[in-house]
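If you read the protein sequences in the order shown, they are chains A and B.
Numbering of the first sequence is given in the working numbering, commencing with residue -17 and proceeding in unit increments.
Numbering of the second sequence is given in the working numbering, commencing with residue 22 and proceeding in unit increments.
The hints are simulated quantities; they were obtained by calculation from the structure and are not laboratory data.
The structure displayed is predicted, hence computed values, not measured ones.
Hints may be right or wrong, so weigh each one.
[What the hints assert, rightly or not] Residues on chain B that point at chain A, a partial pick, calculated with CB under 7 Å:
#, residue
1, Pro202
2, Lys383
3, Lys391
[Claimed, not checked] With a Cα cut of at most 30 Å, we get these calculated DSS-like pairs of lysine-lysine:
#, chain 1, residue 1, chain 2, residue 2
4, B, Lys155, B, Lys201
5, B, Lys435, B, Lys155
6, B, Lys35, A, Lys169
7, B, Lys147, A, Lys169
8, B, Lys384, A, Lys169
9, B, Lys28, A, Lys60
10, B, Lys329, B, Lys284
11, B, Lys231, B, Lys248
12, A, Lys169, B, Lys201
13, B, Lys247, B, Lys231
14, A, Lys169, B, Lys391
15, B, Lys221, A, Lys169
16, B, Lys248, B, Lys155
17, A, Lys169, B, Lys231
18, B, Lys35, A, Lys60
19, B, Lys358, B, Lys391
Note that the Cβ used here is the ideal one computed from N, Cα and C, for glycine as well.
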Amino acid sequence: MEELEMKISQLVDNELSDTEQIEVFGVLANDEKARQQYSKLLMLKKEVSKHHSEVRTDLFPIKLVQPVQELPKVNIYKFGFTFSSVAAIILIMFLLWGQNENKRTVEQFNSLLEKYELIKAEKKQLLNKHEVKTTVLNAAFTKKRKIKKAVLTEAPISVNTTNITTNTDRLRKFTQIPLANNVVINKDDFIGGQIVSN
Amino acid sequence: MISSEGKLFRINFKLVSTIAGLLFLAQTLKAQQSESFIAEFTMSSNDAVKSSKITFVIEPNEKFDGYFVIPKHFNSIFGNAGHGGYDYLNYEEIGSSPEFLIPPWIDNDSPLLDDLEGFIKGSDSKIVLSFQIKPIYSKVEKSTKKVFLAKFAIINQEEKEVNNSIEISSKTKLYYKALKPTQSGILDLGFLQTVMPEYKFELTIKPYQKSLQTLNANSAIYSEIKKSLQDSNLDNTKFGLSTEIGVYPPKEVGLFKNVNCLKNYEQFNFTAIYNVASDVADTIKLANPIYLAELKFPFSLYNEDKMKQYSGYNTQKEILLSNYRVILVPMSYEKEKLTADVIVDYSKLNLNDGISRWSPFKKRLVFDHKLTQLEMPQENWSAVFTKGKDKYEIYGYSDYERYISEILFISLNKVYKEN
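Only chain B is shown next, with the shape it has when bound in the complex (with noise of 0.2 Å):
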């Protein structure tokens, strides 16, 4: 009697705490599973003249898909965040150019990726990288420990001239990479930099918490900030924005010799921002957020003299660094007009001297899925200083202002997402 009942004890005791292991398994499964990452994933030209940004909060479960063209016609990169391969599907060539197919994505066996589908289809793309990456958890190491199944395709096009005729080749190359984060979430993508030497790529993923998403401004912007979101009654996110600042020849072209050297930079997909402080601690938290573009690139004089001089200083690398700042604040978003507030924040130069040089701005906005395209204001502004033994006299509408024109694109785009 005894005995049987000893035993029906440690039955039950074994019961409740498997039970008790599972649940504490599934709720760090769970945990893990409702993770969301923050990806930012940039590819730049070698000298860095062209670039682009795609930035993507990988939900839950998601994966983050997308891809990099090159046309083939000048030498800018458009990234897209998008499921599968550039999509040439719905896609028609008009005109005498020849119509062809690449060959489809091969399948792959890998149960993660095996729904990266998506054939192109095409003739205006020198180069596309496609991309998919899934954060996974290593079973081997710690459990906490993230690793990143990434698929990338590359597909090169090469187009002859043979008799009259063009022939088009085409190389597609593919890899599958487990990618391992560093500390500050950096993902090494030195393969690709073998595969491409003439492009760059830096890839981060972080975890993401919507509500540590803060915005840091000056007084004056925080300001305009607040003021905007007073007009602001926005019920409706359902939308994405992508934003691109680009230096084109004014009326001076013949200053160029080559298209391809003017500078053009662009970030697809703004980060969504719940909180926003001022320099002088005052926080405002956001129950819908605000957006922000950031565009970090050299600054390039073209007074070619100067340029010259400039190139052998040791310090060139760290003054001649603009920051473009976007913000979007939006006011309403009804039958896909978005009205919103764009306060543009720049430095041309990253010199940190107390003073001001550039004039930030703030324009009431309708978008309606067209691109919005709005003129940079000529500034007449000077740096003459010196750091370290480096002597620098810019002066911004002679060395730079009068030879370009700064275009910064702003464009809307339908999402489709479930409520």
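Here chain A stands alone, though its shape is the one from the complex (with noise of 0.2 Å):
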């Protein structure tokens, strides 16, 4: 019997030849005893097997292992090298903005300065266009203001007598040129009325 538990054992920890397992298996179809030993034997194989798969053989714990620590230095380095990034593009963003606007000033001053030139240039024709006279009540403010001025002053007197003689083509133009708008101050203008004497 003892011999017959040893055979049963060792067909369980499949440690018999062919032979001993088929000799073995006709033993336990003829014998019920016998099969129920195989099969406790079997149910503690398992359990064992079971007990084993548990149990821990690593010297040290994985959390030792793992560098758990150290995955948040990772992250303050990936997260500033981000932050910076972004900053960095941000402030060139800013830079680039701010020489946009000197460029944006520099067109509307080359703009400006086209339309200057267009405008010279438009004022150059109609003059070469225009005859003498239309010239004369065409020309620039200064010299109007300087037309002007010399109606109220050179003309009455006669002050340098070299120069009369030089200028009278320029007096005559002068007196061509009609007097700008006059403007007189009535008793009706003055803030709380005239002061009379004092």
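Using the hints, build the complex out of the two chains.
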């Protein structure tokens, strides 16, 4: 009996040769007690295997092996890098924006310059086309002002006799220019009435 | 592993700090570049009989171009703010006067001043002083220290009659200067006075802020401005204004020996005002500006005996000083016509004794790009007083008014500017 138990045990542990296994299976087929024994041993082996599968054999726990504490460190640098990159992009955008603004000013200046040149060219064309009289009437403001002054100051006074001969044409020209708008102050124009005497 | 992470951290830190530094620098530069200045440049004759003042707002990254002209046949001074020299480019001489060219501006290598162009053509200027002034910031000194790079060109013409023909010679002198303002904004132009000893020059350039441009007015003027503003519906400010006050002979022309003795003072460009403050602590803030020109000049009596007597007085420079304020409140500007209320507040003498002698007035006018001349009222005023040891007895009509007509000129100029 002990020999049979031994054989069954060896069968469970898969330690028997093919011929021995056939022999043992033949005995198990005819012996119910032997089959029960076989079944018990199988159950036992299963439980032992299960038990061993749960036993840990590592020297250090997993927590120590894995760089759990270093993970946040890596995250700080990643975060820092991302943050500074974003900041750099934003700052560069500010810089570019500033440059664009200067560019816009330059563009505006250039367009104004072009406009000025166009107006100048247009004026030159006009002056070339017109007759002398028209040219006088269209003369620049400063010239008109000078003419006006000349009417007021030069014409009635013979100060410098040498200039008169050379200026005859100029004086004639001056007198052809119509006087500018004349305004006279009336009594009603005084703020709070005119001060009579003091 | 640890050392490489530290390196990464240091690189990141350097990167961020460098960019922050760059940004700060850019902002400082931008703030400097966006600074505006208000310039006042005056050229007057040594005897203070003729004077011209140009006021000009130097916008960020812009220059102040302008010129003064002394005509050949009378001694007035005309000032103008504009690019280049006196623009004779489109000028045509008519009649028998000779037409000739003066050498063009000498091109310069300065990158700041390379765009000064233009040449002078014509025959009716004795002296032309052209200038260009540009603000920069000193790199050597403190970054906020302003320096104004300036170019001056003086063109002198001399006319001689040789063998029945007219010989004209002209000389051009060029000056490049780096001008540093004092704390009150004054720039020293001593070199100009050395070159042109018969004239005086004053140049001030100060930081300009629209919101700080304030006109202080007495309650009567303040109330009139307020009334005018109620009628104002101005939505276009593309115009420029200039003014001058001149003294001209009325009927008694023979009383004057020389026309060049007659006073003439002008201001090219009015100052735009955005605040009006009254003497009773009331203020108005304006979205669209009103305009101010202030002409200050010595007062001269045409009663020659009295003038001789007062010329020896120590206080005469302080007392004989006129101040004319021309305030213009625009109503509308349409089809190149400006409707505006002109308020003139003036005093012929600097007395400050609380006595009203000269009546301020207001007149609504329409300007149409022509010169408008306004005859100043003749007033019957007197000032009899003693200042220190000096005894004054001035009667407005008999000592001054009957000899002259005072004419105030206001002109409207077209301005081309971008929105």
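Now for the hints, and whether the structure bears them out:
{"no.": "1", "hint": "Pro202", "result": "24 Å, violated"}
{"no.": "2", "hint": "Lys383", "result": "6 Å, holds"}
{"no.": "3", "hint": "Lys391", "result": "5 Å, holds"}
{"no.": "4", "hint": "Lys155(B) - Lys201(B)", "result": "12 Å, holds"}
{"no.": "5", "hint": "Lys435(B) - Lys155(B)", "result": "24 Å, holds"}
{"no.": "6", "hint": "Lys35(B) - Lys169(A)", "result": "77 Å, violated"}
{"no.": "7", "hint": "Lys147(B) - Lys169(A)", "result": "43 Å, violated"}
{"no.": "8", "hint": "Lys384(B) - Lys169(A)", "result": "11 Å, holds"}
{"no.": "9", "hint": "Lys28(B) - Lys60(A)", "result": "13 Å, holds"}
{"no.": "10", "hint": "Lys329(B) - Lys284(B)", "result": "18 Å, holds"}
{"no.": "11", "hint": "Lys231(B) - Lys248(B)", "result": "23 Å, holds"}
{"no.": "12", "hint": "Lys169(A) - Lys201(B)", "result": "50 Å, violated"}
{"no.": "13", "hint": "Lys247(B) - Lys231(B)", "result": "20 Å, holds"}
{"no.": "14", "hint": "Lys169(A) - Lys391(B)", "result": "25 Å, holds"}
{"no.": "15", "hint": "Lys221(B) - Lys169(A)", "result": "39 Å, violated"}
{"no.": "16", "hint": "Lys248(B) - Lys155(B)", "result": "40 Å, violated"}
{"no.": "17", "hint": "Lys169(A) - Lys231(B)", "result": "36 Å, violated"}
{"no.": "18", "hint": "Lys35(B) - Lys60(A)", "result": "16 Å, holds"}
{"no.": "19", "hint": "Lys358(B) - Lys391(B)", "result": "10 Å, holds"}
When each numbered hint is compared with the structure, violations occur for hints 1, 6, 7, 12, 15, 16 and 17.
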